[in-house]
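S.K.: Please work from the sequences and hints to get the whole structure.
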Amino acid sequence: MKKKKRKHIPVNERTLLSWIRDSNIKLQVFLFIIIVITVFARVLPLEMQKKIINEAIFLRKIDLLMTYCAIYLASVLTASGLKYLINVLQSLIGQRVLAKMRMDLYHHILTLPLSFFRKTQPGMVVAALVSEIAVAGDFIGMAIAVPIINVLTLLAFGGYLFWLNPILALVSLSIYPMVLILIPILQKKVNATNKKRVDATRHLSDNIAESISGIHEIHGNGTYQTENRKYDNLVNRLTRIRIIWNFYRYGVKVTNNLFNNLSPFLIFLIGGYLAINGRLELGALVAFLSAQEKLYDPWKELLEFYQLYQDAIVRYKRTMEYFDAVPEYVLTPLDRKPYELDGKIEVKNLSFYTESGIQLLENINFSLNHGEQIAIVGFSGSGKSTLAQCIAQLYSYSDGHIYIGDKEVSELTKQDIIYNMGLLSQAPFIFSGTIEENLLYACVPLIGGDSDGNGEKKRKGEKEKEPDEETKRELPSLDDMIAALQQSGIFVDVLRFGLNMVLDREQHSDLVSRLIRVRKNFQDEYGDALEDFVEFFNENEYLYHSDIAGNIIFGTPTGDDDITKEEITRHSYFVDFLHEADLTRPLLSLGIELVRQTVDILGNLPPEAVFFEQSPIEPHELDDYKMLAERLRRKRLHQLSRHDREKLLEVALRFTPGQHKMVALSEVLETLILEGRALFRELISEEMPDAFTFYDPSRYIPSETILNNILFGRLKTRNPRAREKINKSIIQLLIEEDLLETILQIGMQYQVGSKGDNLSGGQRQKLAIARVFLKAPKILILDEATSALDNTSQSRIQNLIETWWRGRSTVISVAHRLDIIKNYDRVAVMKAGKIGEIGTYDELIEKKGLLYELVYGKN
Amino acid sequence: MNSSTEKTEAYPTCEFKENLAILRQIYLFSRMPLESLKIFAYLCTKEVFQTGDILFHQDDDDGQAFYLMAGTAQLIRNTPEGEQVLREYSTESFIGGMSLMGKLPRLYSLKAATDITCLVMTREKFAKALAQFPDMMPRVIESIVEQVQAWEEQFLHHFGKSESPCLKRTGVSLV
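Residue numbers (the working numbering), protein chains in the order written: chain A, 1 to 859; chain E, 1001 to 1175.
Note that these hints are calculated values from the structure, not bench results. Just so you know, even glycine gets a beta-carbon here, dropped at the ideal spot from N, CA and C. One thing to keep in mind: the hints can contain errors.
As the list claims (entries may be wrong) - Anything over 10 angstroms on all C-beta distances counts as not near chain E; from chain A, calculated: (1) L173; (2) P184; (3) L334; (4) A427; (5) D532; (6) T558; (7) I601; (8) Y852.
What the hints assert, rightly or not - Calculated pairs, DSBU-like style, for lysine-lysine (alpha carbon to alpha carbon, straight line, at most 30 angstroms): (9) E:K1168 / A:K716; (10) A:K337 / A:K100; (11) E:K1046 / A:K626; (12) A:K195 / A:K317; (13) E:K1046 / E:K1128; (14) A:K716 / E:K1017; (15) E:K1017 / E:K1046; (16) A:K26 / A:K83; (17) A:K344 / A:K407; (18) A:K847 / E:K1168; (19) E:K1168 / A:K626; (20) A:K716 / E:K1046; (21) A:K725 / E:K1128; (22) A:K100 / A:K195; (23) A:K348 / A:K778; (24) A:K635 / E:K1161; (25) E:K1017 / A:K728; (26) A:K822 / A:K834; (27) A:K728 / E:K1111; (28) E:K1168 / A:K848; (29) A:K26 / A:K51; (30) E:K1017 / A:K647.
M.R.: What follows is the structure in structure tokens.
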């Protein structure tokens, strides 16, 4: 660790060229060798050309012609092959450096202070990391190979030219100095406009990001014109800049071209004259012309390289300048282990100003012994959260001191803070991944696992061996995790996630027989009581909470005979069966009704889950069905194409009366389907007995969720009250069968979705609470941590803080509700950035001061 | 049978149409044009409660509104002194429209006095649907304002002349 810091330059201060050092040196050396061979292979054909004309053709020697041609061919092939190899190597080097750049920059950005992000649009960071920096990476790939190969080729060809004819060589090379003077002048203009272009592009993306994230405001106010005007102006400005930029760029190219084309003209003029006078062999002239022509390619490549270099450096600098901020705190301590502080907190004369100079905190003083608990309450805007965030080192305070275990907070490293403190913010963020991953999120840095993902460092053989063995903590055990889930109250939710998963049979084959036992017990003990909420599978009754296909089949395909659950409704056997059971026409007509009604209701709605929960048509299919509904207006059933009929049948087979309320199920159809079920079973057992397993109370249904398997039926309602009743009974049975932990473990694999979208607001907050409880820090900072929870959960967590956490952790709790603060050791009431009064709840109420006013209102 | 122009009469009345008819009677939705009302009707769900079940708990922010299709419910307030039954809601009452608008921890509990069948709308669905019709918002606000006004007028009509100390704190329509 210490060695690595030999000279650590922040990524944003590195020059573009310094990245060459980061590329693989072995690869670079290898590349260099290939280049030298390639140059040789490029010059050789020229010499062969001369020899073929001068020796073979002139002297009429077939064998020499053959030999020279063979050498010619071989060197051309070698040169092309090697050129490809060079490109491959370049891209290897370039892409690796680009990856490293992207990683380092991202790692740097994450450590920047929060104040930086208040001024930064996420879109800007995305653009910088994803597109802007790519050019720089490409450039590094070429940074060594391109100049070397082309300069060497130029030198080789140039040398060859001199060897052939010094005068002609001088004449043809005379153009290059002129080019070398003109091009940089033009390039300066290109660079200047390019800088403007990068800035204009950035403005544009900022503007897009802003308007997209504020789209509801635009819709709400109908300010399309205003936003369009802003955007159009920016686009116009960018267009102007890009046009000028391209003018200059093409100017560079054309100038270069012109001079290159002038060169052969000079050779023809002078060389031709010399050849006519017999002072130059024809073969030499031909070779000279080819060599001269070939000068053009490396020269062009060099020029392009020069342009790319200029472009890359402009983009690179602009990008790095943007992120030119310094982390406020050192991340890891250099020469010591992270402190294990004691939970004593002392705040002395603390003040905090925003960057624009507004004072948010003024002269705050209080202290807490280890294990004491303080509640901070106050009027809104009084600085409660700011105070908590200063203590948690999220903001750096302007004046005064905060001591944790006698150490000044501003001088602690981030790791010291992380080791000793847990923060629960008002709007906790849940990252995509499983429940388990999110639960362990705060614990992973404690075991040093945070550097795991950083393969780059490891590859270099610099083992990061912190924290040392003694301080190294272990990941919490399953029991700890379950305890945290229970404490935060998300236990039942996780259990439900587990119950709602389809069992991976290979992983949990042992569970099946135990779940069947649970099913039987459930039926015996709760079957009657829960009949209102569960529709049990019953062979002789219609299932209103299963779709029509399910009602007919009353089982699941085994996967043999090519019949799968998803495909069955389109399988020819099944389609033929529907005909035979007289179901096709009634189902088609039901399909028509479903499509019409659903399109009528949902036709213009965005594809949000909440709108499609009760729809037989999936959001992504809506457009197709809209067109079908349009055709249904004009055509009769028998006029529809086969494809349309299939689509109608598909919707009809999905129809679940208990869920899709836009159409009702007629009694006639219900009877027909029940008849169909009996017929289907009969036919299947005769014709393909292995293709299906029919619902049977003694068999596990692999395609159904664990819950449905236990219920041996389906829930009738999404109502939380019903779920609660069912959950209670199932938990009881799972405990008896010793399955609770297993189901929880399965539930912890539930994917929470991007930003935790698959969880409710309350669940997200509970998960965040579980996360910090699991970490069990010595200092616990709660910033309105329970605001999204229902009353019961809130009081339960408050209770835990007052009993379990009392004495273990020092608690600073910013509270929005005043009925939960009675039992805190101290209550601090804030007003306008100051602590107005501090003391126990009872003392303050008796005083009839600020707290009294907050609780009972102004008299 | 094979005609796609066949009328819908072949199907019994579906829940969706029942819901539509109900919503038209409720003040919050009555000003909406059919086009948007359909979405709300579609999003409602029918729920059943048994006698003694709690529809919502005091202090919880459940974000639901109920329309009693059958059965009656009691409004209850828990105080440190005990449980107090305040009033009874009869069939066809609409309860909790304000919870659809924003965070609103309940000041009361609602208990099923008989078996209840009701229509339920949640805040999440209401907000998502309303977001689709931004120009509906002023109408909803108008309906609420009118409703609050009417409520207080009625209150004054019944109790305005009494000596009740409650009168000292009236003025909901003035908030």
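S.K.: Provide an ascending list of the numbers of those earlier hints which the structure does not satisfy.
M.R.: Those not satisfied are hints 5, 7, 9, 19, 24, 25 and 29.
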